[in-house]
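Generate coordinates for the entire structure from the input sequences, incorporating the hints supplied.
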Amino acid sequence: MDDSTYEYRIVRDFAYSALIWLVLGLTAGLWIAFEMFDPALNLTPWLSFGRLRVVHTSILTFGFALSAIFATAYYMLQRLTRASLPFPRLARGHLYLFNVTMLLAAATLMAGMNSSKEYAELEWPLDILVLIFWGMFSVNVFAILIRRHEKQMYISLWYLISTTVSIALLYVVNNLEIPVTPFKSYSVFAGAADANVQWWYGHNIIGFIFTMPILAMFYYFLPKSTGLPIYSHRLSIVSFWSLIFAYLWTGAHHLILTPLPEWIQTVALAFSIFLIAPSWGVVINGYYTLKGNGEQIRSNYLAKFFIFGVTFYALQTLQGPLQGLRTVNAFFHYSDWVIGHVHMGAMGWVTMIISGSFYYMIPKITGKELYSIRLANVHFWLILAGQLALTIVMWAGGILQGAMLKTTNPDGSLTYSFLDTLNALYPYYQLRFAAGAVYYTGILLFVWNIIRTVSRKPAATGA
Amino acid sequence: MEISSKPAIFAILSGLVVLIGTVVTMFVPLFMRSTQPVSRYVKPYTAVELEGRDIYIREGCNNCHTQTVRPLMTEVLRYGTYSKSEEFAYDRPFLWGSRRIGPDLNRVGGKYPDAWHYSHLQRARNVSGNSIMPPFGWLAANRLDTTNTFRKTVIQGFGYSRRQVTEQIAGDRARVTDPGYESKAMRDRVTPPECLTGLTEMDALVAYIQKLGRDVKSLEVAQ
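If you read the protein sequences in the order shown, they are chains A and B.
Residue numbers for the first sequence follow this note's numbering, so the first one is 1 and each next one is one higher.
Residue numbers for the second sequence follow this note's numbering, so the first one is 1001 and each next one is one higher.
Please note: incorrect hints may appear among the correct ones.
Keeping only pairs whose Cα atoms sit at most 25 Å apart, straight-line, the calculated DSS-like set for lysine-lysine is [as the list claims (entries may be wrong)]:
1) A:406 - A:224
2) B:1111 - A:406
3) A:151 - B:1006
4) B:1084 - B:1217
5) B:1084 - A:406
In case anyone wonders, no lab produced these hints; they're calculated from the structure.
Since the structure is predicted, the reported quantities are computational estimates derived from the model, not experimental observations.
Written out as structure tokens, the structure reads:
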């Protein structure tokens, strides 16, 4: 099929939308990181920590990650089916509606309209918009699969299909709410049942945004970037099915030692430990793909993003189940340790894979060479350093706070007040802000590099 | 493998695989008594407490404060007896939280007088050393909007009549504006003069905070 029949403008525009939300979301992140050691930045109610933290998480999870997923999905779907996008105008509508929804999301969350359930804070009218754009996306996904010219569906398509189906299910159930006004609603579930539904959602929305579609990118762009086929097709199959099977059992590991019935917690823990196997199946598949070609990590700037990215996925998927274990959880839960865990996943795994994918994809769709490989390398090292510093500082802070809260005097009384632990954490919060600033700089270089690539005059030699 | 060339069947099958864990760990528990036990000693929120709870949600307090004490020695020492699921029968949505940048609040009701909360909400460092809690003094300048309060209690299933809701609101207003109110001096200090005679958002938030864990504490006293 001729390259010119593919619809690439939608890919480019979703990529732009990803970069805009990435910068905005990280700006909010830096802002709240500062508020954590100096309350002076709580300038207005709209910028107070409780509201802005939700803007930070929502914009990065939905604005940034979803945009990047849509951009790469529209690209991979066309390439892997060797068919052009069936409904380009629908995709355009999807782009506009998605960005309008995200703008409204940021504005309403800052205005305090939020349903309080983590990663599902949007009020009900926006939930409806989310489902509409998700439907618009799904139509193109299934239409192109039906009209495909390539009989076999590659593994990346499996992950995209599973994402398309599962997100709809998760989002609908956890957002079942009864409206009071257009700006306020109450969950239909109460108490422990509501908590259980929320973390079934909360854990799996991370799974089906920050894992499955990112794995789709990994399986497609790693072989493309390195010119090496995936090591084992069988391992891909086994890890896919066991991953999507086991994921849905594990939500309650976010509710260890809460009033939720104990058996649900224990089942969640057991499946969390099991989940290490399929996760590492992917990791091993990634590493072995480079077997005998390890020098690409030095010679091919793209390989670095994917191999380091999947390394953080490996660390994440080991750390996650372990911190669920009751004794470990008793110490670490509710502390900065968990914040470190999340940030390694988001800043290491997710953002590195998306960065590598964009660096491969943007030159392909524009027919222009990347503006600067050197800048891409600087971007890589800055986000690696920023992310590692941030997560390690957060882990250290988590260990410190966990230990202080558990310390007792010989007579059995508590040694430290809650405020004592906060005072001990302030230096860590300042370091975290600095680490975030380093990361932010790296991301700005990434954005600059992509913008310069797209705005380049077509190379005289032809791309 | 055959299935990888059949997108529709693939989508259905992957949906079914995802549903197994969903049904066992999320759907079935919705119908089990253990996830929503009720108990006579746990009372629904009053109209003003519910409005205060909505302000707690609006300001994202749950981003920094949990509302579940774990059955661990040092937590019980620090906060009070551990949380049980029947305490949350009227929590729609639940507000257990996932992170403690501030202390747990499930047992905070009655721990401090109202005056402490007025001062703390206005500026946390007034009473709490080097706290990083954002200032919420502006809540005292917002009159409490009770337009939808009755409707809210109906949706929550609290079973109050419209008259009861009106009486509850009037009762709370009378309580905090009474010259003999024990925290009057502090309330007068943080509240702008034009708002002194009515209920403010801060009044409602304080009422909600003071409700947290009170039912359990009164049960303990009764025993």
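Taking only the CA atoms, is the gap from residue 151 of chain A to residue 1006 of chain B under or equal to 25 Å?
-> holds, 9 Å
Starting from residue 406 of chain A, check that the Cα of residue 224 of chain A is at most 25 Å away, please.
-> violated, 50 Å
Keeping to a limit of 25 Å between CA atoms, is the pair of residue 1111 of chain B and residue 406 of chain A held or broken?
-> Holds: residue 1111 of chain B and residue 406 of chain A sit about 21 Å apart, inside 25 Å.
Assess, step by step, whether the Cα of residue 1084 of chain B is no farther than 25 Å from the Cα of residue 1217 of chain B, and give holds or violated.
-> OK: residue 1084 of chain B and residue 1217 of chain B at ~13 Å, within 25 Å.
Holds or violated: residue 1084 of chain B with residue 406 of chain A, Cα cutoff 25 Å?
-> Holds, at roughly 22 Å.
When held up to the earlier numbered hints, the structure conflicts with hint 1 and nothing else.
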